[in-house]
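Asks: Build the full structure now, drawing on both the sequences and the hints.
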Amino acid sequence: MTIMMDTGNYIAAKAAVMAKPEVVAAYPITPQTTLVEGIANYVASKEFKGEYICVESEHSAMSACIGASAAGSRTFTATSSHGLLLMHEMLHWAALARLPIVMCNINRVVGPGWNIWTDENDSISQRDTGWIQFYCSSNQEIFDTVIQSFRLAEQKDILLPVMINYNAFILSHTSMPADIPSQKQVDDFIGTYKPQWKLDVKSPITFGNIIGPDGYFKIRRAMQDAQENAKALIPTIAKEWKQLTGRYHGGLIEKYKCEGADHILLAMGAIGAESKDAIDELRKQGTKIGLARVRTFRPFPKEEIMKLSKQANLIIIDRNISVGLEGALSTEVKSILYGKSDAKVYSYIAGLGGKDVPYTDIITICKKATAGKTKEVVWYGLQEGI
Amino acid sequence: MAIKDLPTDECLLPGSAACPGCPATIALRLVLKALGRNTIIVIPACCTAVIESLYPYTSFDVPVMNIAFEAAAAGASGVEAALRQQGKKDTTVLAWAGDGGTYDIGIQALSGAIERQTNFIYICYNNQIYSNTGIQRSGATPYAAWTTTTVGGKTEFRKEMGEIIQAHHPPYAAQACISYPEDLYNKVKKAKGIRGPKYIEILAPCPPGWRFGMEKTVEMGALAVETGAWALYEYENEIMTFNGKSKLLLEQKIERKPIEEWIRYQGRFSHLFKPTKDVKRIKALDDHTEEVWKRYRACYL
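Protein chains in written order, with the working numbering: chain A, 785 to 1170; chain B, 314 to 614.
Where hints are given, some of them may not hold.
Pairs of lysine-lysine, DSS-like flavour, derived with a Cα cap of 27 Å [claimed, not checked]:
1) LYS502/B / LYS982/A
2) LYS833/A / LYS346/B
3) LYS1041/A / LYS1023/A
4) LYS401/B / LYS830/A
5) LYS402/B / LYS346/B
Footprint (simulated), chain A over chain B, 3 or more residues, beta carbon under 8 Å [claimed, not checked]:
6) 346-354
7) 371-383
8) 392-398
It is worth saying that the hints were derived from the structure and are not from the lab.
Cβ coordinates follow ideal geometry from the N, Cα and C atoms, glycine included.
Replies: What follows is the structure, encoded as structure tokens:
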């Protein structure tokens, strides 16, 4: 193993190249650009031997990945914000076509007004596309999750595309050390992609033609089954990776100091990392509080969160807003608890537009919630008069 | 190559869901005869997505990937890149799209794929309308033609897609028509042997869309060429060559038939003849056609 001290994007590029996709098709967008530039550098140095298609839009990036994947090749792409939104149609297509495409999405604000900082509204609004969605909290986790995602996506009982989300700038442009395993370790861990079906002139098949209601109904059910299968497989793969590398970031969730907690904080991405410092401080002060960092938004860690709700009230910080209701993580949690748990749920919306959410703010949020001095949904840090 | 000498192998199977008299199936059959079985087709939303018929059946005996409306060229780029990585360099990747998917919603992906020198053949079968969705105007719909979205007749002239393609300087581009099968076959065959992006557009007169009898498909294509509403040509290594009757028209060795000779058989232009003849609009269409040919002569003669 070697240590790579670099930004989230360059570490993601390293992981993607080590996974040896045969085709990468990508289009630049801030703050994803350094990731695709990283891959271009690996093309120039011949470390990346696949095809790198510099397409003319994100819609075409995903369309080209769909074509390459349907032809039986391992594929990778990366995007952010408006780029992800432009892909939306093809995200549905990739998932319905059951193509194991792996993509990094750097969580960035959606305009207008133009803002390149982080929040999660871009990927949250792709919730129903059928993609598996990871949210990472460190550059090491980005590397490890990219590798794990290829392994996951290409399993016969999964065959779903995987989106690895991480926060703009906080991770994408911040250097942190990451352990890089050997190429052989990565090769052995992922294995070779053996597609069940592909565009093959020796065995001509028509992909995606017209289908009636009964057949389509079954396609949707099969996708749901695959997401359920992923729920079981994600922790298994994470544990195997731990055996190989000693590193573990959690399965569907990462639990931190949840033992004996009567309040548990739920958050995703970088806020999830920042929350660990807040939990340490609060624990020091005697608050019985823990953290459950949600790593997979889809499949949603329903059973784990239900279990935690039997032990503790839940405090949720969403760096996204489903306008007209509340943060998306809050809605999901409340929906699974309905009728089955008496846990109180305190919902906070914070960090929209890239507003910083330091651990001190998280401590304030948790103190208010644990004291029960809070409304059902709180917009934390909203400043008047701006 | 005479029709009797065309390959007998059929990659377009009988029993498709096409309308009677469908020009797309005429074209597909010929195109697949020229390309053979070592071909993968990428099809966006268009009539062919219906023609290929209902799961679990298919009308194609070659692999087909359906893709979203605007994505044919990009999807084909991905297929081509994957095949190259897999060492399958002799397989032809064909993107097969309608005029809506080419002139309008798919033009960005097409332009990008040609600019990237993607090694594929892009064929636009042009029936001058969104026919699959029920006859709406496209950028390829001619002036004055009725569609369900141009109820009194289209008020604009059609786009010159051929010239847009030529501005990309691909190694090969051509215009063909289902009424001239040998010409079409030869163009596709030639494209197959050239590396890089190849663009072929096939005029495809659509009986329900243009409102003519299903037995007149071939005739409508021939009249389009004879009236100059459509030109048969090849663009190869920057050189334009007009073919067949279009060559004779270019060189003025035959008289261009008035546009009226083509449109009077089509219900989509019937409002130009009933209840009274709309001389002004018929003349405008004919004048525009004449202008196009003047430009062709100035550029290519």
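Asks: Take the hints in turn and mark each one as holding or not.
Replies: Verification of the hints:
Taking the CA atoms of LYS502/B and LYS982/A, the gap is near 26 Å; set against the 27 Å cutoff, the hint holds. Our distance criterion of 27 Å between C-alpha atoms is broken by LYS833/A and LYS346/B, whose separation comes to about 35 Å. Proximity of LYS1041/A to LYS1023/A is assessed by CA-CA distance (about 19 Å); at most 27 Å being required, the pair is judged to hold. Taking the CA atoms of LYS401/B and LYS830/A, the gap is about 21 Å. The hint holds against a cut of 27 Å.
Taking the CA atoms of LYS402/B and LYS346/B, the gap is about 20 Å. The hint holds against a cut of 27 Å. Evaluation of the coverage hint for the stretch 346-354 of chain B: fulfilled, as 4 residues show C-beta separations to chain A shorter than 8 Å, against a requirement of three. Counting residues of the stretch 371-383 of chain B whose CB lies closer than 8 Å to any CB of chain A gives 11, which reaches the minimum of 3, so the coverage claim holds. Under the rule that three or more residues need a Cβ within less than 8 Å of chain A, the assignment of the stretch 392-398 of chain B holds, with 7 such residues.
Going down the numbered hints, you'll see the structure goes against just number 2.
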